[in-house]
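Peer 1: Keeping their order, the protein sequence lines are chains Z and F.
Sequential numbering of the first sequence, starting at 3, is according to the numbering used here.
Sequential numbering of the second sequence, starting at 3, is according to the numbering used here.
One or more hints might be untrue.
Identical copies go unnamed one by one, so any copy, or any two together, can satisfy a pair.
[To be verified] When the alpha-carbon atoms are kept at most 30 angstroms apart in a straight line, the in silico DSBU-like pairs for lysine-lysine are as follows:
hint, residue 1, residue 2
1, K398, K9
2, K234, K398
3, K206, K328
4, K352, K234
5, K338, K269
6, K203, K353
7, K26, K205
8, K96, K389
9, K96, K328
10, K206, K398
11, K346, K389
12, K345, K26
13, K203, K389
14, K353, K96
15, K7, K338
16, K7, K205
17, K26, K203
18, K328, K345
19, K398, K7
20, K389, K205
21, K328, K7
If you're looking for bench data, these hints aren't it; they were derived computationally from the structure.
There are 2 protein chains.
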Amino acid sequence: MISEKMKPLVNNNSAIRAMFEEGKRLAAIYGAENVYDFSLGNPNVPAPEAVNEAICRIVNEEPSVMVHGYMSNAGFEDVREAIAQSLNRRFGTKFHQGNILMTVGAASGLNVILKTILNLQDQVVTFAPYFVEYGNYVRNYDGILEVVPADTETFQPDLEEFSRRITDRTKAVIINTPNNPTGVIYSEAVLTRLGEILTEKEKKFGTQIVLISDEPYRELAYDGAEVPYVTKFYHNTVICYSYSKSLSLPGERIGYLVIPDELTDSKEVFNAAVIANRVMGAVNAPSLMQRVVMRCVDETADIEAYDRNRNLLYRGLREAGFECVKPQGAFYMFVKSPEPDEKKFCEACKKEHILVVPGSSFACPGYVRISYCVSFDQIRRSLPAFKRVAEGYGLKGLED
Amino acid sequence: MISEKMKPLVNNNSAIRAMFEEGKRLAAIYGAENVYDFSLGNPNVPAPEAVNEAICRIVNEEPSVMVHGYMSNAGFEDVREAIAQSLNRRFGTKFHQGNILMTVGAASGLNVILKTILNLQDQVVTFAPYFVEYGNYVRNYDGILEVVPADTETFQPDLEEFSRRITDRTKAVIINTPNNPTGVIYSEAVLTRLGEILTEKEKKFGTQIVLISDEPYRELAYDGAEVPYVTKFYHNTVICYSYSKSLSLPGERIGYLVIPDELTDSKEVFNAAVIANRVMGAVNAPSLMQRVVMRCVDETADIEAYDRNRNLLYRGLREAGFECVKPQGAFYMFVKSPEPDEKKFCEACKKEHILVVPGSSFACPGYVRISYCVSFDQIRRSLPAFKRVAEGYGLKGLED
């Protein structure tokens, strides 16, 4: 019954499912409090109080047929304008509602823009390690994902290699900063050079290349780190944003695309993206949540909680002897496996009831991803277990 | 910038947009109260009080990280079980949560099941008149929509012709009952015969053919008309449901697929559909709305309001002299154009500030669709205008 295109996805999926099942199995045997599940990116910090307040006020104050009704497929105009103004205040941009397309989260936004621009066999470039779904999103529209290998020193993008990979069939580039799974933030210098390369390549090949910036972690940045706004560095940039992490609303599926005026054929692309959003079945982003984010446009969940987790876990892992680039943002650490095959390392962790994701799931073997969007207490309780794993490999504590 | 596949959609779209713009233009000149817009299927009846009550109770009573968080991509287990039990109570079915996949409305549900099963050039059969987006949904997965012409006497499906159109490349059939745009409900006899034909064809060709029943109007049935539950008539049936109309939540994008145990490879199809839901970017249906429909699983919006509209409009149109099959369900009437080219009839209506949709948008020229999900007062005020249009064609009043 299953289509040929879906079959590999079904087969692939079972590995990830197996991990979930393993977590459940361990919890059933040893008790949930004795299993340290760091495998998921599901925020454990609740939405800010303002979100639930806004929800109740909206359903009491605004008319039902509007709050729950159809609107323009691009989203409510007032919501889109409020988002544009918030971005302008915070990042010095000059957006207006005509640049903002409300989407069913960033994942849907990525699909919308890829459907809008990709032709058969078009190439989409991204940088390892990357969120594994990018490959599925690109294949949804018969594109080909081209992966630039990781620079495992810094986990900043390898721009020399990137430049070599771009061809006349390159239609898009996907970046993700702050990054899942490394927590690295792309610096202004990196984005400047990235923009220069793309401008050169567009000129050289006489093509248009869209830089798609997947930014669900934008507000999760620590130690005062800045997350530069990507549209400033290159004209053909599209932003995919989600409130999943900033407002802890991952289940609500609410986000937006920014399609700036500077983009080639901007209005035409915007209109086509609205149609793509419709015909793929989303039709529009969930209406009540659109009105909620308008009222909470400058709010965030308690990001300091993630920062406390980050510091505790990073210190603990270093003291145990694990190597890792200290994350500047998001809520992941990408830790070097003490043995070449990180899947074996994952197995060793599992013996201590620690669940982490192998880096090969992000096209970067030899590393594992640890999600620290969990309770502070889970991290605290897990550290002796990490220590025992480290001792099993004969690791010695590292300086902070 | 736009992909080749999107270009025809962009060009097509401008006709529909033009109608919206025309409505706005007329309203600006003559005042909104003097423009009779019957073009949209956007419910004007508010959601039942229970919906807003449930929303506030949920955000006050249930933990935020659960209400707004990720769950299984198929949806919350308790929500799916509540829906299964509600269906079982109302229709004597035997569903369980493993048959229910929460989706971003029925449009997304249709996309999910089509992506799950369609291979390149697979044929999907539907009956004119049909919702124009079906063609786009099928083309999203490189399928071919095969349209059985309308039986304009009854607007029940022409099953003789249907039987002839099915080939060894037929992978799916889409039906929509109660029907948009005709308001017709498929009878038990029709569904029985439809099921028999599909069973015969599966046997003859050695294939699997999925009957997809698009049912956003299931609860909108009048004069005690029954809407038979389609899974009873054929083993390979998938239901696409939406709460858009039954709870007046079209903007919230909440619905579900039913994938029964009787479906061939049922579990495999279910798992693949969950993955399709994820990789197309929806990830899961909006979480708060999932919890809302669980608490409102047996509620409906004020369907009598639509019934009052139906009776007033039907009587008014008949008295003016227009021909129309009296709708049994949904909130549309499909009225015969008094001249062969119904687009000219639409123009004549527009001169009286009446906006209706040409039947050619539903692959059924010679008719127009009138949406009566508008205020009772709009219908009342519009009747003299309809009367003047009828007089322009020399029509005489018909008996009820």
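Peer 1: If a hint holds in the structure, say so; if it doesn't, say that too.
Peer 2: Cross-check of the supplied hints:
Proximity of K398 to K9 under the C-alpha cut-off of 30 angstroms is found in neither arrangement, the shortest distances being 45 angstroms within a copy and 60 angstroms between copies. For a Cα distance limit of 30 angstroms, the shortest separation of K234 from K398 qualifies neither inside one copy, at 44 angstroms, nor across copies, at 66 angstroms. In this assembly of identical chains, K206 and K328 lie within 30 angstroms of each other by CA distance neither inside one copy nor across copies; the values are 38 angstroms within and 64 angstroms between. Proximity of K352 to K234 under the C-alpha cut-off of 30 angstroms is found in neither arrangement, the shortest distances being 44 angstroms within a copy and 47 angstroms between copies.
Taking the closest pair of Cα atoms, K338 and K269 never come within 30 angstroms of each other, the shortest separation being 45 angstroms inside a single copy and 38 angstroms across copies. Taking CA atoms no more than 30 angstroms apart as the test, K203 paired with K353 passes in neither setting, with 49 angstroms inside one copy and 54 angstroms between copies. Proximity of K26 to K205 under the C-alpha cut-off of 30 angstroms is found in neither arrangement, the shortest distances being 53 angstroms within a copy and 43 angstroms between copies. Taking the shortest alpha-carbon separations for K96 and K389, neither the intra-copy value of 50 angstroms nor the inter-copy value of 51 angstroms comes in at or below 30 angstroms.
Taking identical chains as interchangeable, the C-alpha atoms of K96 and K328 are never at most 30 angstroms apart, the minima being 33 angstroms within one chain and 53 angstroms between chains. With identical chains, the CA atoms of K206 and K398 are never at most 30 angstroms apart, being 51 angstroms at best within one copy and 70 angstroms at best between copies. Proximity of K346 to K389 under the C-alpha cut-off of 30 angstroms is restricted to the intra-copy arrangement: shortest distance 17 angstroms within a copy versus 79 angstroms between copies. For the identical chains of this complex, K345 and K26 are intra-copy neighbours only, at 19 angstroms inside a copy versus 61 angstroms across copies, given an alpha-carbon limit of 30 angstroms.
In this assembly of identical chains, the alpha carbons of K203 and K389 never lie at most 30 angstroms apart, being 48 angstroms within a copy and 64 angstroms across copies at closest. Proximity of K353 and K96 under a CA criterion of 30 angstroms is satisfied in neither setting, with 53 angstroms inside one chain copy and 42 angstroms between copies. In the homo-oligomer, the alpha carbons of K7 and K338 never lie at most 30 angstroms apart, since the shortest distance is 34 angstroms inside one protomer and 43 angstroms across protomers. When the C-alpha separation of K7 and K205 is checked against a cutoff of 30 angstroms, the pair qualifies only between copies, where the shortest distance is 25 angstroms, while the shortest distance within a copy is 35 angstroms.
Within a single copy, K26 and K203 get their C-alpha atoms no closer than 49 angstroms, and across copies no closer than 44 angstroms, so neither meets the 30 angstroms cut-off. Proximity of K328 and K345 under a CA criterion of 30 angstroms is satisfied intra-copy only: 22 angstroms inside one chain copy versus 65 angstroms between copies. Taking the shortest Cα distances, K398 and K7 never come within 30 angstroms of each other, neither inside one copy (47 angstroms) nor across copies (57 angstroms). Neither within a single protomer nor between protomers do K389 and K205 lie at most 30 angstroms apart by alpha-carbon distance, with minima of 53 angstroms and 62 angstroms respectively.
Proximity of K328 to K7 under the C-alpha cut-off of 30 angstroms is found in neither arrangement, the shortest distances being 39 angstroms within a copy and 44 angstroms between copies.
Comparing the model with each earlier hint shows violations of hints 1, 2, 3, 4, 5, 6, 7, 8, 9, 10, 13, 14, 15, 17, 19, 20, 21; every other hint is respected.
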